[in-house]
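Chemist: Sequence:
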Amino acid sequence: MNTSIYTFSLFDLLWVMIPVFIVIFIYIRWTQDRSTLFYALGRMLIQLILIGYVLTYIFASDSPWLIILILSVMLLAASVIALRPLQKQQKHIYFYSFISIAIGGIFTLFMVIFGVLNLNPWYEARFLIPLAGMIFANSMNAVSIAAERYAMEEERELVYEEARAVSYKAALIPIINSLFAVGLVSLPGMMTGQILSGVDPLIAVRYQMMVMLMILGSAGISVAVYLMLMKKSSENNG
Numbered sequence: 013m014n015t016s017i018y019t020f021s022l023f024d025l026l027w028v029m030i031p032v033f034i035v036i037f038i039y040i041r042w043t044q045d046r047s048t049l050f051y052a053l054g055r056m057l058i059q060l061i062l063i064g065y066v067l068t069y070i071f072a073s074d075s076p077w078l079i080i081l082i083l084s085v086m087l088l089a090a091s092v093i094a095l096r097p098l099q100k101q102q103k104h105i106y107f108y109s110f111i112s113i114a115i116g117g118i119f120t121l122f123m124v125i126f127g128v129l130n131l132n133p134w135y136e137a138r139f140l141i142p143l144a145g146m147i148f149a150n151s152m153n154a155v156s157i158a159a160e161r162y163a164m165e166e167e168r169e170l171v172y173e174e175a176r177a178v179s180y181k182a183a184l185i186p187i188i189n190s191l192f193a194v195g196l197v198s199l200p201g202m203m204t205g206q207i208l209s210g211v212d213p214l215i216a217v218r219y220q221m222m223v224m225l226m227i228l229g230s231a232g233i234s235v236a237v238y239l240m241l242m243k244k245s246s247e248n249n250g
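The sequence shown begins at 13 in the working numbering and counts up by one.
Some hints here could point you the wrong way.
The calculated lysine-lysine pairs, modelled on DSS-like cross-linking and capped at a C-alpha distance of 25 angstroms, are [to be verified]: (1) K243 to K103; (2) K103 to K244; (3) K243 to K100; (4) K100 to K181; (5) K243 to K181; (6) K244 to K181; (7) K100 to K244.
Ranges between beta-carbon positions, derived for each pair [as the list claims (entries may be wrong)]: (8) T48 to N132: 36 to 46 angstroms; (9) S75 to M222: 25 to 35 angstroms; (10) F20 to K243: 46 to 56 angstroms; (11) L26 to R46: 17 to 27 angstroms; (12) I30 to L60: 13 to 23 angstroms; (13) D24 to K244: 44 to 54 angstroms.
These aren't lab readings, by the way, just hints derived from the structure by calculation. In this text, all values refer to a predicted model and were calculated from it rather than measured experimentally. For each residue, glycine too, the CB sits at the ideal point set by N, CA and C.
Whenever a hint applies, use it, and build me the whole structure from the sequences.
Modeler: This is the structure we're talking about:
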């Protein structure tokens, strides 16, 4: 099997910008929003370039405290971004978001690093940071969907149990869809990256199973915690 990986320059990325420009044109034409997509793309490019240099330094570090600091920053950022779609962003909901993602994300991360992979040392950044990123990001997206949907159901004056059920189901739709589609419609990012790097497909499949399970577990727990905390908030407001 060829174990080399294809490399390309930043200039080569202009080819994949062609469909992006089409999306930008449609987005501006239909929504009249001329800033959000450009801002998001700009942030993505800058953040990825910077993180490339940062990860080079982190991977060379042997400090568990640095890793813990990075994970804390990732959690804090995820909890704030998760509530971006909400129109009413009360301060205590940010705390709920942080607690939810932390509980679901850290618990699942522990299962992976101490159970599945048994990392030695546990803070090996080359494994821990990418795995934590996938877990926190998917928990963030799920909490974001649940938060927006729960707020909508509250405005419709649904009772808590009904609003919780609708929100929980909506939050897990993307993940459940990916469970149905993986291997049939799509080869997810981690698996694709490993195959492109020359890893045996059967090994890549095991890693992808781990990823799909940890995403479902962390997201499902995070959303459940968030919705349970929102019950307390609703009772206090009521």
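Chemist: Take the hints in turn and mark each one as holding or not.
Modeler: Hint check results:
1. K243 to K103: holds, 16 angstroms
2. K103 to K244: Measuring from Cα to Cα gives roughly 15 angstroms; hence the hint holds.
3. K243 to K100: holds, 17 angstroms
4. K100 to K181: Holds. K100 to K181 sits at ~22 angstroms (cutoff 25 angstroms).
5. K243 to K181: Distance of about 17 angstroms is within 25 angstroms: holds.
6. K244 to K181: holds, 20 angstroms
7. K100 to K244: holds, 17 angstroms
8. T48 to N132: 36 to 46 angstroms: holds, 44 angstroms
9. S75 to M222: 25 to 35 angstroms: holds, 26 angstroms
10. F20 to K243: 46 to 56 angstroms: holds, 50 angstroms
11. L26 to R46: 17 to 27 angstroms: For L26 and R46 the Cβ distance comes to about 22 angstroms; the hint holds.
12. I30 to L60: 13 to 23 angstroms: holds, 19 angstroms
13. D24 to K244: 44 to 54 angstroms: holds, 52 angstroms
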